[in-house]
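Given these sequences and hints, build the entire structure.
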Amino acid sequence: MLRHAWILLIILLAPPALADDRPPAAAIASAHPLATEAGLEILEAGGNAFDAAIAVGAVLAVVEPASSGMGGGGFWLLHRQHDGLQTMLDARETAPAAASATMYQDKDGNVVRDHAINGPLAAGIPGQAAAFVHLAEHYGRLPLAQSLAPAIQIAREGFPVSERYRTLAGFRDEVLHRYPAASRIFLQDGKVPPAGHQIRQPDLARVLERIARAGHAGFYEGDTARDLVRGVRAAGGLWTLDDLASYTIKERAPIVSTFRGARIISAPPPSSGGIVLAETLNILAQFNDGDIAPELLPHLTVEAMKRAYRDRAEHLGDPDFVSMPVTRLLSVQHARELARGISLDKPTPSSELGAPLAQPAGTHTTHLSILDDEGNRVAATLSVNLPFGSGFVAEGTGILLNNEMDDFSSKPGSPNAYGLIGSHANAIAPGKRPLSSMTPTFVEWDDKVAILGTPGGSRIISMVLLGVQEALAGKPVTEWVSRPRYHHQYLPDVVEVEPAFIGSDEARLLEVRGHTLKSTGRTYGDMHAVLWEKEKGEVSAASDPRGEGSAHVSITSDPE
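According to mature numbering (1 follows the signal peptide of the UniProt record, and there is no 0), the stretch in the sequence shown is residues -19 to -1, 1 to 541, in order.
Warning: the hint list may mix true and false statements.
[As the list claims (entries may be wrong)] Heads up, simulated DSBU-like pairs for lysine-lysine below, C-alpha to C-alpha not over 35 Å straight-line: (1) Lys456 with Lys429; (2) Lys327 with Lys456; (3) Lys231 with Lys499; (4) Lys499 with Lys456; (5) Lys231 with Lys172; (6) Lys429 with Lys515; (7) Lys499 with Lys327; (8) Lys515 with Lys456; (9) Lys231 with Lys327; (10) Lys499 with Lys172; (11) Lys231 with Lys429.
These aren't lab readings, by the way, just hints derived from the structure by calculation.
In this text, all values refer to a predicted model and were calculated from it rather than measured experimentally.
The following block contains the structure:
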């Protein structure tokens, strides 16, 4: 039923007189066509962007178990049009109360990787359900039950396996096979199911129905909580009923910066995304106020990335646990100091920038971008960390648990699943939220508004950066999501590039200055973006051709 979805772009025109305060249309871009359809259904029923975000996020939790789910969490960047409120819902997972800094180390102090990434010991307390409830109670217009209805129906009736599902399940089939409940749901006879096979999740449908009826208590108390704790502890995990009952959403002020006249609004800690994005742009602004010649831009972008990622590694963590020099990191003075060390002719070796630090970040995630016809908007990046998270489902729940505990530093100086090394700022502690790279972002400039974000682990920030550069260069939204990508995260000291980037003009500009390029061997990321051009009275949206998502622009009410 589902075919590979390349970029879908629809532009809707309206008289300029109507374009100042209200978009001429609503738009949704998400990682799966069924999720985009669910969001449109909610908008057409009278819901706003926040109601639609619940519907889209909940359907993604059903049809993208490799990327997000009720056993995961994420960050929701919100803009409420009538009063201009901008906030981020922090629905990041938390470490259980029994967690400790050495919980993944053996008696000799070595990190046991299997415990950190597989099974319930790797799972933090999920925030997804709490985010849905918070959105409905504080920002939405419709009952939570109505916004969750599409996901409940798909969970019960099933969705067809796609080739993308099969690829991701193939990465984790051994772990899924370890746990009977996960194997029954996501595999067929212990193997990756064929394309078209229906994945039905009646237990998950029942959990969603409990949330629809009882809100927060439908997940974090009662039968669901008891089933989760019983299953987790029986399989070696640490969760308690108190861990679930005490989970709360945090509303945090976004990181706001400016670049070339644009206002960049992005995720604050415990996401590193907004700070690293702002710091990178601040460094670039030191060169001709950011108006950089095309032949120099890739080199300076890599050098700025390198320095901002270095600061990420050393300083950032959960703001409720760690004191961070955010003001200094975002200051013009700090950007000037870092920019002074950049040569226009050659790269600076990472070894000259300081001690070898880097932070973990999960690679499999999802994103949604929404604009409604009132001007409300949502950029949400959601995750379970590795494909299919921890691979564990507690019997009777249908909830696939995350393995976000691996986003902590299990031991300072010891690499995580991606070979990344953590610092003390991101050490495990009870109730703490692991550092993330998720970077849901708004850009406001020249009477334009952009909504964008992507999965991709530590590469998320650089992908959003490249998307912002494309947007500010006046490129159409299709080019933001499809351009070949490059990335530098301080260590390893190479420019990681997509295969399509090799041999490009940008690649040659980097190589001629002495940068070492290393192909990732496959494409990465799955960006979804919306653009509202107020003066033109146009709304456009696009989904990344690397994924199977869809974007749609639609009139939801009469603009008169």
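* Asked: Which hints from the list above does the structure break, by number from lowest to highest?
  -> Of the numbered hints, 3, 5 and 9 do not hold.
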